[in-house]
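Engineer: Please construct the entire structure, taking both the sequences and the accompanying hints into account.
As given, the protein sequences belong to chains Z and S, one line each in that order.
The first sequence lines up with residues 0 to 233 when you count with numbering that gives the first Met the number 0.
The second sequence lines up with residues 0 to 480 when you count with numbering that gives the first Met the number 0.
There's no promise every hint is true.
[Stated by the list, open to error] Which chain Z residues stay away from chain S? Per the calculated CB distances, all over 12 angstroms, these:
| hint | residue |
| --- | --- |
| 1 | SER1 |
| 2 | ASN28 |
| 3 | ASP58 |
| 4 | ASP125 |
| 5 | HIS129 |
| 6 | VAL151 |
| 7 | GLU164 |
| 8 | LEU168 |
| 9 | PRO194 |
| 10 | GLU195 |
| 11 | SER199 |
| 12 | GLN224 |
| 13 | ASN226 |
[Claimed, not checked] Per label pair, the in silico range of CB-to-CB distance:
| hint | chain 1 | residue 1 | chain 2 | residue 2 | range |
| --- | --- | --- | --- | --- | --- |
| 14 | Z | ASN192 | S | ILE405 | 51 to 57 angstroms |
| 15 | S | GLY331 | Z | GLU167 | 52 to 58 angstroms |
| 16 | Z | SER1 | S | GLN329 | 48 to 54 angstroms |
FYI, nobody ran anything at the bench for these hints, they're computed from the structure.
These figures come from a predicted structure and were not determined experimentally.
Each residue gets a CB set at the ideal place from its N, CA and C atoms; glycine is no exception.
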Amino acid sequence: MSHRWGMAVDLDRCNGCEACVIACRAENNIPTVGEEQAQKGRAIHWIRVERYYEGEFPDVRVKFQPVLCQQCDNAPCEPVCPTYASYHTDEGLNGQVYNRCIGTRYCANACPYTVRFFNFFNPAWDKPLHLQLNPDVSVRQVGIMEKCTFCVQRIKSAEIRAKEEKRELGDGEPAPACVQSCPPKALVFGDLNDPESELSRLARSNRGVKLLGELGTQPKVTYLQRNEWNDKNT
Amino acid sequence: MTKTPDQINHDLINHDLINHDLLRPVARVSARFFLVVAMLGLVVLAGFSAWGYQLYSGIGVAGIRRPVFWGFYITNFVFWIGISHAGTLISAILRLANAGWRRPVTRCAEVITVFALCIGAMFPVIHLGRPWVAFWLVPYPNQRGLWPNYRSPLVWDFFAINTYLIGSITFLILPIIPDFALCRDKFTGWRKTLYGLLALGWRGTQRQWHRLETAMHIMAIVIIPVAVSVHTIVSWDFAMTPVPMWHSTIFAPYFVAGAIFSGIAALIVAMVFLRRFLHLEEYLPSVCFENLGKLLLLMSLLWVYFVFAERLTIWYGNHPAEVSVLWLTQSGPYRYLFWIMVACNFLIPFPLLAIKKLRTITGTCIASITVVIGMWLERYLIIVPSLSRKFLPYAWGTYRPTWAEITITAATFAGMALLYVVFAKCVPIISIWELKVGMREASESTTSVAAVSRTRPTASGRGEHGTVAGVGFNKTHRVEL
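Structural biologist: What follows is the structure in C-alpha cells.
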C-alpha cells in the first residue's frame, strides 16, 4: 500500500514550548546563521511557533501556531521551479533536491506559508559542534533552498526496516523529530491513506481546518482547534 | 552648418554633407570620448567587482532576506527588459506605419533594445544563489535525461528573452549593412577592412536592396508579437504565483504598456544626448521629439489607467492579504516611493507633454528622465511590498538594499551608457541610407519638379559611394513609381 504522509497540529494542546523547533534543528542539521544574520531575517527554522495575541492588555490571550511545510497536494512551489529541484514525490511529499537547486528563490516567493528557507552563506559548525551533525541528512551549501521534509530520512529508514522484517508499517512508526519530541502531543504524524490511523481520525475531526485553505493549496497538515461553530453544531 | 529641416529638404541630396556629418563621430575620436569611456568604465568595473565579491562570499551580501527573496536584482531585470521595448517594438511599428519622421530615430531605438536586453538578461544569473550552475536552465541533452521544468515561467523567460535578443539583433544589423558598406567605401586602412567584413559583401545591387527590404519587412512584422510576448512572460513570473497583488490578470498588458512607456522615455533621453554630443541638431529635428513626446503622453495616460484599474479592483475586492499590500503602498511605509512614482510617471510628464508649448526638446527630455525613474520605482513597488506582506503576519518582513546591490544597479546604467557611446563611435547612429531615402521622398512630395531635377545629377554623380546612396535612391524611386 502506498503511503500519503500527513500531520495534525492540535492548537488546543500546543503550549508554545518550542521543543519541536529544537528537535528539528538537531535532526536536520539546520545551520545557525548567527546573531547578525538572524537580525536580517535570515534565521532558518523548518518549523516555527507563531505567536498571535488576542484581546487588549491585561486581558490578553496568546495563541500558538506551529507552522511547518504543509506538504501541499497542489503546491505553488513546485511548478515554478525551473530545474525540478522542488518536486512532488510518489508519497505526496514536496521534495527538495538540494543538488538540483540553483537558487532562484522562486519557490520561496510562491509559498504562501513562507516556510522555505535559503542559505545566504555557506553554513559553518564550529568545532566540536560538527560532531553533532546527523549523518542521515546532508548539509546544504550556499545558494540552496531548504525546508521541512517531514523527516524523510526517518520515513525511509522505517520503511526499509519494515520491509526487511517483512511486515507493514505500524501506525505512528515513522515519526518526525518534532512529533517525537512534542511534550503535550500536539503534533501527530501518520498515513492519510490508512483510514484507521490516528492521523486520519484527527484529519476528519470537525475541529480540523487547513491553514490558508482558501488558496486551494490542499495542505496535508490539519490544524485542530475548538471553536464556537463546532461547539454549537456538534 | 546649422540648418532647419526645411532647408535640408531643398538641397538635401547633398551627400557629402550628410556623409560628413553622420560619419564624423565614427571617423574621428576625441579625447572627450576616452574620458567618458573611462568614467563609465570605472563604474562598470565597480559593478563587476561587487558581483565578484558576491560570487566569492555568497548571495547574502545582497539585502534580500526572508520573505523578500527578490529585491533590486529582479527590479533591474524587469526594468531593463522593459527598456528594451524602446527600440525594436517602436521602430517596427513606425516602420510598418511608414512614419516619415522615424528615419533618424530607428537605429537609436534598436540599439537600446539589444543592449538593454543584454543587461537585463544578466540579472536572472546575478541573482541566483548558485550562478555557476545557471546553465541548468538551458535544455541540453544530458546523460541523466534531466530537462528544465517547462511549467516554470522562468524557463519561459529563458526562451522569450533569447528569441527577442536574436530577433532584435537581426533587426538592428539588417539596416546597418548598407551603412557598413558606406563606411567601407569612405574609410581607408584597417577600418576599410573591418567595415568591408561587416558589410557582408554589400554592393548595392537591385537584388540586394530587394532582399534587404523584404527581410526588414518580415522582421518588422515578426518582432512585434515577440516583443509583446517577452514582457507578458516577465509579468507572468509574478502573476503565476499566489502572492497578494501579484496574482492578477491585468499584469500582462500592464507590464507591456509599462515597458513601452519606459522604452520611449529611454529613447528620448538617449536621443537628446546624441543630439547634443554628436552635434546632430539637424538630423534629429524637434519633430521627432514632438512625435515621440505624444507617444509618451499616450503611454503615460495608459499607465495611469492600468494603475487605477488594478488598485480600484483590489480595494473593492477587499481580500485581507491584498488590501494589506495595497495600503502598504498607498499610505504605509512605501507611500513616499509610491507617490514619487505617480509624480514621475504622470503628474510631471503629463503637463510637459500635453501642453504644446512645453512639448519642446527640453520638455520631453525632462519628462522622459522622470518616467525612467518612475518606471524603475514601479518595478520595485510591484516586487518588494507584495513579498514583504504575504499571508501569515508572523512571517512579514522588510527589505533594505546593500551596497553590493546599489553598486551593481549603478553599473547597469553606466554600462548601458558605455555600450551606447561605444556603439555610436563604431557605427553611424543615424541610418544614413534611410535618411537619404526619406529626404528624397520628402523633396519629391513637397518641392517642385525643378527642385527634384536639380538634385538628380547630384545623386547620379556620386561616383565612389554611389553604390550605396545612389542605388538606394533608385530603389526608392522605383517603389514610388
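Engineer: If a hint holds in the structure, say so; if it does not, say that too.
Structural biologist: Evaluation of the provided hints:
No beta-carbon of chain S is positioned within 12 angstroms of the beta-carbon of Z:SER1; the least distance is around 24 angstroms. Distance check for Z:ASN28 against chain S: the nearest CB is about 18 angstroms away, which clears 12 angstroms, and the non-interface claim stands. Here Z:ASP58 stays apart from chain S, with its beta-carbon at least about 21 angstroms from theirs, past the 12 angstroms limit. Non-interface status of Z:ASP125 relative to chain S is upheld: no Cβ of that chain comes within 12 angstroms, the nearest being about 18 angstroms off.
At roughly 19 angstroms, the least C-beta separation between Z:HIS129 and chain S is larger than 12 angstroms, which holds for a residue marked as non-interface. Distance to chain S confirms Z:VAL151 as a non-interface residue, since its nearest Cβ pair spans about 21 angstroms, more than 12 angstroms. Even its closest Cβ contact with chain S, about 34 angstroms, leaves Z:GLU164 beyond 12 angstroms, as expected for a residue assigned away from the interface. The Cβ of Z:LEU168 sits about 31 angstroms from the closest Cβ of chain S, beyond the 12 angstroms cut-off, so the non-interface label holds.
The claim that Z:PRO194 lies off the interface holds: its Cβ sits roughly 31 angstroms from the closest Cβ of chain S, which is beyond the 12 angstroms cut-off. Separation of Z:GLU195 from chain S is adequate, the least Cβ-Cβ distance of about 33 angstroms exceeding the 12 angstroms criterion. No beta-carbon of chain S comes within 12 angstroms of the beta-carbon of Z:SER199; the shortest separation is about 26 angstroms. With a cut of 12 angstroms on Cβ distances, Z:GLN224 stays outside the contact zone with chain S, its closest approach being about 16 angstroms.
In this structure Z:ASN226 is separated from chain S by more than 12 angstroms, as the shortest Cβ-Cβ distance comes to about 19 angstroms. Between Z:ASN192 and S:ILE405 the beta carbons are some 52 angstroms apart, a value that agrees with the proposed interval 51 to 57 angstroms. Restraint check, S:GLY331 to Z:GLU167: a C-beta distance of roughly 55 angstroms satisfies the suggested window 52 to 58 angstroms. The hinted window of 48 to 54 angstroms between Z:SER1 and S:GLN329 holds, with their beta carbons roughly 50 angstroms apart.
Consistency with the previously given hints is maintained throughout, with no hint failing.
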